[in-house]
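Fit chain B to the given chain A structure using the hints.
Residue numbers (the numbering used here), protein chains in the order written: chain A, 1 to 83; chain B, 1 to 83.
Keep in mind the hints are simulated off the structure, nothing from the lab. There is no bait here: all hints are sound.
One copy or any two copies: either way a pair holds, since identical chains are not told apart in the list.
In silico DMTMM-like pairs for lysine to aspartate or glutamate, Cα to Cα no more than 20 Å straight-line:
(1) K41 with E12
(2) K5 with E76
(3) K41 with E76
(4) K41 with E71
(5) K5 with E71
(6) K3 with D49
(7) K2 with D36
(8) K11 with E71
(9) K3 with E80
(10) K2 with E46
(11) K23 with E12
(12) K3 with E24
(13) K41 with D62
(14) K5 with D36
(15) K5 with E44
(16) K11 with E58
Protein chains: 2
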Amino acid sequence: MKKVKVFITLKESVLDPQGQAVKESLHNMDYKNVNDVRIGKYIELEIEDSANLHQQIEELCDKMLANTVIENYRYEVLEEVQS
Amino acid sequence: MKKVKVFITLKESVLDPQGQAVKESLHNMDYKNVNDVRIGKYIELEIEDSANLHQQIEELCDKMLANTVIENYRYEVLEEVQS
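Chain A with its partners taken away, still in its complex shape (with noise of 0.2 Å):
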């Protein structure tokens, strides 16, 4: 069994007005020095080992996981985890 963690951002050029939104309530909470936030998701899998372990994980993440169309992810998988 492999623990693997996704994270999943909004590329470069999407507005996130969810991260806007943040910014600015910290703003009024008087955290001024924060000059940006974007949102994104962070998935932790785990899933059993197979030869083709990568590619089902891309697989998963175009398919399911992520919209490839505004969104970026990145994985890594840890070494096998106790089931």
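Only chain B this time, still in chain A's reference frame:
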């Protein structure tokens, strides 16, 4: 200017219905070797450097970004980015 990456995850003991729904969808798509899915948030901040940067980041997370009753967070500060 520092770039800060914040990872927010649900505590182990907290149910994750969104993750469960994703897991079931993945099983329906025949990815049956995915045993667990947990969904969290990934936030990128750009923040002007200050003497008490770490203290400030923890305040931001505690007050605004994370709900510490049900969520854990960790963060990484990256080196200077060009503003």
